[in-house]
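Asks: Respectively, the protein sequence lines represent chains A and B.
Residues in the first sequence are numbered consecutively from 938, following this note's numbering.
Residues in the second sequence are numbered consecutively from 492, following this note's numbering.
Hints are computed from structural coordinates only; laboratory data are not their basis.
Treat the hints with caution; some may be incorrect.
Listed below are the simulated DSBU-like cross-link pairs for lysine-lysine, each with C-alpha atoms no more than 35 Å apart in a straight line [stated by the list, open to error]:
#1 A:Lys1184 <-> B:Lys547
#2 A:Lys1162 <-> B:Lys547
#3 B:Lys607 <-> A:Lys957
#4 B:Lys607 <-> B:Lys547
#5 A:Lys987 <-> A:Lys1039
#6 B:Lys772 <-> A:Lys953
#7 B:Lys703 <-> B:Lys772
#8 B:Lys703 <-> A:Lys1178
#9 B:Lys607 <-> A:Lys1039
#10 A:Lys953 <-> B:Lys765
#11 A:Lys953 <-> B:Lys607
#12 A:Lys1184 <-> A:Lys1168
#13 B:Lys607 <-> A:Lys1168
#14 B:Lys547 <-> A:Lys953
#15 B:Lys703 <-> A:Lys969
#16 A:Lys939 <-> A:Lys989
#17 B:Lys628 <-> A:Lys1178
#18 A:Lys1178 <-> B:Lys547
#19 A:Lys1082 <-> A:Lys1130
#20 B:Lys800 <-> A:Lys1162
#21 A:Lys989 <-> A:Lys1082
Between beta-carbon pairs, the in silico distance windows are [unchecked claim]:
#22 B:Ala672 <-> A:Lys989: 44 to 50 Å
#23 B:Lys711 <-> A:Asp964: 43 to 49 Å
#24 A:Pro1150 <-> B:Gly650: 23 to 29 Å
#25 B:Gly521 <-> A:Thr1149: 45 to 51 Å
#26 B:Ser677 <-> A:Glu1007: 40 to 46 Å
#27 B:Ala672 <-> A:Gln1004: 48 to 54 Å
#28 B:Asp775 <-> A:Pro1161: 23 to 29 Å
#29 B:Pro554 <-> A:Gln1046: 45 to 51 Å
#30 A:Ser958 <-> B:Gly521: 33 to 39 Å
All figures in this text were calculated on a predicted structure; none of them were measured in a lab.
Even for Gly, the Cβ is constructed at its ideal location relative to N, Cα and C.
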Amino acid sequence: MKVLVPVKRVVDYNVKVRVKSDNTGVDIANVKMSMNPFCEIAVEEAVRLKEKGIATEIVAVSAGVAQCQETLRNAMAIGADRGILIETDAELQPLAVAKLLKAVVEREQPRLVILGKQAIDDDANQTGQMLAALLGWGQATFASKVEIDGGVARVTCEVDGGLETVLVNLPAIVTTDLRLNEPRYATLPNIMKAKKKPLETVKPVDLGVDVTPRLTVLRVEEPPKRQGGIKVPDVATLIEKLRNEAKVI
Amino acid sequence: MRCLVIAEHDNQSLKAATLNVVSAAAAIGGEIHVLVAGENAAGAAQAAASVAGVAKVLHADGPAHAHRLPENAAAQVVANAAGYTHILAPATAYGKALAPRVAALLDVAQVSDILKVVDADTFVRPIYAGNAYATVKSSDGVKVITVRGTAFAAAATTGGSATIETVAAVADTGTTRFVSAEIVKSERPELTAARIVVTGGRGLGSGENYQKIIIPLADKLGAAIGASRAAVDAGYVPNDYQVGQTGKIVAPDLYVAVGVSGAIQHLAGMKDSKVIVAINKDPDAPIFSVADYGLVADLFEAVPELTAKL
Ligand SMILES: Cc1cc2nc3c(=O)[nH]c(=O)nc-3n(C[C@H](O)[C@H](O)[C@H](O)COP(=O)(O)OP(=O)(O)OC[C@H]3O[C@@H](n4cnc5c(N)ncnc54)[C@H](O)[C@@H]3O)c2cc1C
Ligand SMILES: Nc1ncnc2c1ncn2[C@@H]1O[C@H](COP(=O)(O)O)[C@@H](O)[C@H]1O
């Protein structure tokens, strides 16, 4: 079974981004970029399926600027077999990404697509669900456990009150949550090996997809700052403040 | 303008988040309709009809909606979408699974987790774990939106007298089957709607300590209980306790963070709380930068003392 894993290049999760002074966006010049953490979990899950003999080939796909090649190499160092870069300098919104991925799915015919639940830059949490809709496939979102049994995926999903288990017919879409697995570190030999794995580049026009954004960002601002608080010396003072100053207890 | 609010419910009653979505719809303007898709969900439809500001309830009842699978729910929304300029759902696990599916089927963008309605086409939403707020304008004919509950007051559950219109329920798409749910039942207030939240982090060291330290304090305060990702990952508490960028967003009157360092991903979920208390033994922990009252102390001494003196 072929597994497709879309991976996004984002500002590293340790970076606290700054809003540009002209309010047109956040400043990402010279900040560290990494693979979106939820995508790393997706790649790891695909590799585990391959190690179990269920997946036969893992194809990583990334849409964006030329540097997304690094993200694909990173996916291949974790264990993806090859990479596809959908190269464009255009701003990509989730609907456009889902359409690009649909075109790749139609070409590659995977039985399973594993995406991250959310990209930590746009915090959209949309692409997997959109792709499932465009393909008419079932979806299992926010997965914390995935088992493949013949033609179905049995997936445990994190929901608001706890956990929910569903059976989804393959082909299907799965999106990953934090508890699905702990991604391995890429070893040096595997990083070297990844450099020799095939990486193909296509353009959105080759896939016949119009990626024009539907949303225009008018302005990006800093969120309101909290007033600095105080340190209290002891528990008694804390209780006194909460009762008489903040009046919340 | 006409808004369709997708209700989250348990067939008998509405989930609280639905009421915040009704308020977001009211901020957009125009008539507000609510879609209740369920099985034997007359109770929920009735509850939706009495919410203040709701003009009409569309009630779709059938076995396809027994477990509120997003595949079937999205098909239902699309079947009833004609005439609506805005389709809104709560930014809960249910709404997040559903709304992008609806948007893709309608070939429109989806606007996630809105904090504010600027006008009918323009919304404010957080990006980068809430470190920036983006004002976005949609050029699509239909706006599909998820709403951050803590950013909009809940609509009143009474005062409305909407008509209830029965609409044909869609057939099961058949792609997905519900197997089971492990839903933790609790007498406590719901995390996202509670007036007070007590959260425990990795500093607690174990699940037993979470029970021993956090629960008595929460009981004293009548609080909901939350956790950091590290505490959930370490197995102290179930996943649905997680507060943060990728967990639940809370904004109670009082948030007490115990043994939580205050990573940006955690702050994203709680920094809109009215009053924040942090108890941490590290005076340089970033949580103190958002805390109104910080107590530098060993939690194993300070929290039991706090519980005892309240
Ligand atoms: C993609 C991604 C998404 C994430 N999403 C979330 C999210 O939604 N929510 C979230 O919370 N995190 C999230 N995280 C994780 C986040 O980055 C932090 O790792 C996490 O919040 C740390 O949890 P913590 O504060 O409990 O643990 P730590 O950072 O280990 O902090 C423990 C604190 O306890 C204090 N402490 C220890 N012992 C004592 C004692 N005896 N008395 C008093 N204080 C003590 C320490 O001083 C320390 O400050 C995410 C990370 C990633 C990469
Ligand atoms: N530009 C992209 N290239 C590849 N995959 C993407 C891209 N954007 C989003 N994705 C996938 O969709 C998931 C959710 O992203 P989002 O819907 O933007 O929050 C990510 O974790 C990726 O798996």
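Asks: Can the restraint linking Lys607 (chain B) and Lys1039 (chain A) be considered satisfied, given a maximum Cα separation of 35 Å?
Replies: holds, 32 Å
Asks: Please work out if Lys953 (chain A) and Lys765 (chain B) have their alpha carbons no farther apart than 35 Å.
Replies: Holds, at roughly 23 Å.
Asks: Is the straight-line distance between the alpha-carbon of Lys607 (chain B) and that of Lys957 (chain A) 35 Å or less?
Replies: holds, 21 Å
Asks: Would you mind confirming whether the straight-line C-alpha gap from Lys989 (chain A) to Lys1082 (chain A) stays at or under 35 Å?
Replies: holds, 15 Å
Asks: Does the Cβ-Cβ separation between Asp775 (chain B) and Pro1161 (chain A) fall within 23 to 29 Å?
Replies: holds, 24 Å
Asks: When you check the alpha-carbon spacing of Lys703 (chain B) and Lys969 (chain A), does it fall within 35 Å?
Replies: violated, 41 Å
Asks: Between Lys607 (chain B) and Lys1168 (chain A), does the CA-CA distance stay at or below 35 Å?
Replies: holds, 33 Å
Asks: Sort out whether Lys547 (chain B) lies within 35 Å of Lys607 (chain B), counting only the CA atoms.
Replies: holds, 24 Å
Asks: Between Lys1184 (chain A) and Lys1168 (chain A), does the CA-CA distance stay at or below 35 Å?
Replies: Judged against 35 Å, a Cα distance of about 17 Å means the pair holds.
Asks: Go ahead and decide if the range 44 to 50 Å is satisfied by the Cβ distance of Ala672 (chain B) to Lys989 (chain A).
Replies: violated, 26 Å
Asks: With respect to the beta-carbon atoms only, verify the hint that Ala672 (chain B) and Gln1004 (chain A) lie 48 to 54 Å apart.
Replies: Once the Cβ atoms are compared, 42 Å apart, the range 48 to 54 Å for Gln1004 (chain A) and Ala672 (chain B) is violated.
Asks: Just to be careful, I want the Cα atoms of Lys953 (chain A) and Lys607 (chain B) compared with a cutoff of 35 Å; is the pair within it?
Replies: Measuring from Cα to Cα gives roughly 23 Å; hence the hint holds.
Checked against the numbered hints given earlier, this structure breaks hints 1, 2, 14, 15, 17, 18, 22, 24, 25, 27, 29; the rest are met.
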